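Visitor: Residue strings, one per chain:
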Amino acid sequence: MMHSDIKSRPVYQPLVPDLAGGRHLLVVEGETLAAGRLEELAGVFAPVQARLHTWLAGAAAPLGGLGKLWQLESAADVVDALACASRGYGVGDRLYVQGTEPFLWSVATAAAVIGFGEKQVQLYHAGSLRRRVWCTHCHGMTEGVTTSIVACGGCGRHLLVRDHFSRRLGAFMGVMVDAEAPGEIPAIEEVFA
Amino acid sequence: MTGETLKLKVAALADIAPGLRHVRLVAADGGKLPPAAAGAHVQLALAGAARTYRNAYSLVSRPGARDAWEIIVRRVPTSRGGSAYIHECLQVGEVLEAGWPGNLFAPVRTARRQLMIAGGIGITPFLSYLAEFAFSGVEHALHVCCRESEQQVFDPWLAGRPGVSWYWDADGHRLDIPALLAAQPAGTHLYLCGPAAMNEEVLAAAAAAGWPDTHVHCEHFGSALSGGEAFRAFLARSGVEVEVGEDESLLDAIERAGVNAPCLCRGGACGVCATPLLEGEAEHRDHFLSAEERAAGLLIMPCVSRARAGRLVLDL
Amino acid sequence: MTIAFKPEETFRGDYTYRNSDAAVLRFPFPFPEDRYMYSVNIEPHVRSGPSDVFMRPFDVDEHYIAECRDKAITLERDPGRCQVLPHMMLAQWDTLELLMESLSADYPALFSLVKEGDDFGSRWTWTNRPLGLEQSFIFGDPATLPCEPFEYITRQAQGDFAICDQRDNNLYMDAGMVTSQADWSLEFDVGMSFMEWHGPVPLAHQTGVFERALKYLLMLRLGQPVRRLNWTMTINPRLDTSPENFPEWGTDRASVTPDNAGQKVHLRVELQTLWRLPRSNAILFPIRCYLASLDDLARVPKWGARLHRVLSSLPRELVEYKGLTRYLPAALEWLAQHDDGAELPVGTESGVTTLAPR
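Residue numbers (this note's numbering), protein chains in the order written: chain Y, 21 to 213; chain U, 362 to 677; chain X, 16 to 373.
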């Protein structure tokens, strides 16, 4: 389900350092690191290593080769650290993020707040396809959704998980599936493993 | 607030420096002008000896002004003739036809900081920028490169505005463009208006410093949809030959000849006026035909498209 | 011109909304041909056209007071229906200026605007007689209004409004007042680019319609607004068919039968206009909603028959997208009795000047 006809669904590309950039910040969500992935990233980013900072969220510090390394606990810490660096980045700098979809958009949104433009940011989706689902009715978020229909964690309604995606919320739209005929709930399938 | 053309009356003319003429324009009917914003330009029809020139000028009046618009025109000896007309022929009280204001150089309002670089007369769009930024309070800076003697020319529009720096061609007074661009925080947008050589130098420096092109804006005049070289078109079914003037569209000319052509948007979007092209090569300016359709050369949208060279034959 | 307002009619609960004969005759019927055709169908928004609703840039009709009240109810229940991103303040004033100037010029008996000057910093006084409002404020100073300027003026206008900021050769939906939408969520869509917010629309993306529409809109000129009609269907005369409240109105779709379709099923036509705004260079996108029951429409013989034919030819994807699946068969069965199969003239005009008695 990574590809969809719905155009709001982002398309992600592998990370490639933009040599025109000044400083380079790589942010990686630890849980999305397959074996050997850090070594692979070190290789890819070798050309800009002297100007590279890497933030690892929730993973143990590994080998060198990723520039200056900083360990953080979670996406929330990354967001806080970016907010604190409000004046720390320039127009020529670049941001690269690897993670699950909610992680990618939490970081991208925080970066936009401190002035990063879309063309300064690359996002690479890795790890699970679990979705953050936004309830259209109570506006609550349900995390880690793997099924085509999910009970909203906020209001309990059964939501059909659509492909329509909001970058601002980092979430997919969930709309009550049995609003027209209460209780008529189609078969629930495991689709976002 | 709708319309296509305006009648403007010249209310005042003043030579503010050698080769620089300030023109104040008001609505010819004594009414109000539409508001125009920072970066807006107005296209004036200037009746030269040989033909009518349509030149676009940045508005330097305060943003939103509805009593009068102001422009500053530099005399360009080698130009199309519009600036010569303004400097030599234009009289107070004269009425000019103008288009409604356009804006191809509006500031980006999501910017956290606005950085402007002007070369000479290229300062004109930034006079209205400064007024807007002073009102909105956004952080901004204007760097002007000009002759040392020209610094005071724009005082009436700049007086008291902070954030303006001056540079000229002497040791210790030149703008260090790479240093300036390297020092800008994320979220800065750069606006550029000056001679081609300066524009190119700044654009190259910005690219070298890693600026994304979305954050660099260079002023250019004129709408892609307006006029071009005159050409002829033969309407095969009607047996009529039309002359398409440089200031009119093919559709205008067809209508002038009394031939009925279906149309809707007149802006190259809706596809209603798509007409079979029997002979000739079109310069396609529409947003409707696909790349394949353009390559096939079998259709033309007469509301915006023209002849690339020579004569067109249409199935009309 | 006098408008006989119907201040007590409702768009929820007991649904007392009704169209007068004059309102039916001026309804902007959207189908010129018997077959459904998707097109961009953009044309200049000039003061002429097949319906009287095109005669003024911002149409005010007999439902004005009731619609403004319904909007206030929706906003009270969910203030998030009005959203404005912080960089849109100039566009907010643009919208206020355009609406106040247009309404006071076109409906001088209803609205007046007295200005001490045109620039920011000038004192303006606005009078809205149908709603009994008078407000003196400083143009350009939001603190002198009871709420921000965009919310202030669009609470006093029929229909929804979105403002698109133009940057990076794209349009972003960075402000909106959305209380009578055809099932899209402003809270979800605010800040989206043109392609993103059109993401869920079926079929049209593949044909490049949105690429062309975007390119065209980026060139939209000041003083030359354009318009198009869009449509869907709604059960009961309900303005607030938001996805937020889908649980409230979703079951209505299951209540339609061939017997009650005439009263229950409404054609919902959106007169969408697009305006380049002068001060902000943004694009204002008003979406004015007109509702007419099948009963109303069938009183115009051409419209009843044409609607039957158009709905019969609708592609399955659009039936799904517009949410018609559950009740379309009942609506078609009801409409069939008004279609004798005779040839109909091309065009959307009603072709009649009076209606048969109900």
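Keep in mind that the hints were calculated from the coordinates and are not lab data.
These figures come from a predicted structure and were not determined experimentally.
The reader is advised that the hints may include incorrect statements.
[To be verified] Below, in silico cross-link-like pairs of lysine-lysine (BS3-like), each with a Cα-Cα straight-line distance of 25 Å or less: (1) X:230 to U:393; (2) Y:139 to X:230; (3) X:317 to U:368; (4) X:337 to X:317.
[As the list claims (entries may be wrong)] Simulated coverage check for chain X against chain U, where a stretch passes if three residues somewhere in it have a Cβ under 8 Å from a Cβ of chain U: (5) 101-111; (6) 174-185; (7) 235-246; (8) 269-276.
Just so it is clear, CB atoms sit at the ideal spot from N, CA and C, and this is done for glycine as well.
Visitor: Hint by hint, say whether it matches the structure.
Guide: Checked hints:
1. A distance of roughly 31 Å separates the Cα atoms of residue 230 of chain X and residue 393 of chain U; the hinted pair therefore is violated under the 25 Å criterion.
2. A distance of roughly 21 Å separates the Cα atoms of residue 139 of chain Y and residue 230 of chain X; the hinted pair therefore holds under the 25 Å criterion.
3. Between residue 317 of chain X and residue 368 of chain U the CA atoms are separated by roughly 45 Å; this puts the pair beyond 25 Å, and the hint is violated.
4. Of the pairs offered as hints, the one joining residue 337 of chain X and residue 317 of chain X holds, with about 23 Å between alpha carbons and a cut-off of 25 Å not exceeded.
5. With 4 residues bearing a CB less than 8 Å from a CB of chain U, the region 101-111 of chain X meets the requirement of three and the coverage assertion stands.
6. Look at the region 174-185 of chain X against chain U: 4 of its residues bring a Cβ nearer than 8 Å to a Cβ of that chain, three or more, so the hint holds.
7. Evaluation of the coverage hint for the region 235-246 of chain X: fulfilled, as 6 residues show C-beta separations to chain U shorter than 8 Å, against a requirement of three.
8. Under the rule that three or more residues need a Cβ within less than 8 Å of chain U, the assignment of the region 269-276 of chain X is violated, with 0 such residues.
The structure is inconsistent with the numbered hints 1, 3 and 8, although it conforms to all the rest.
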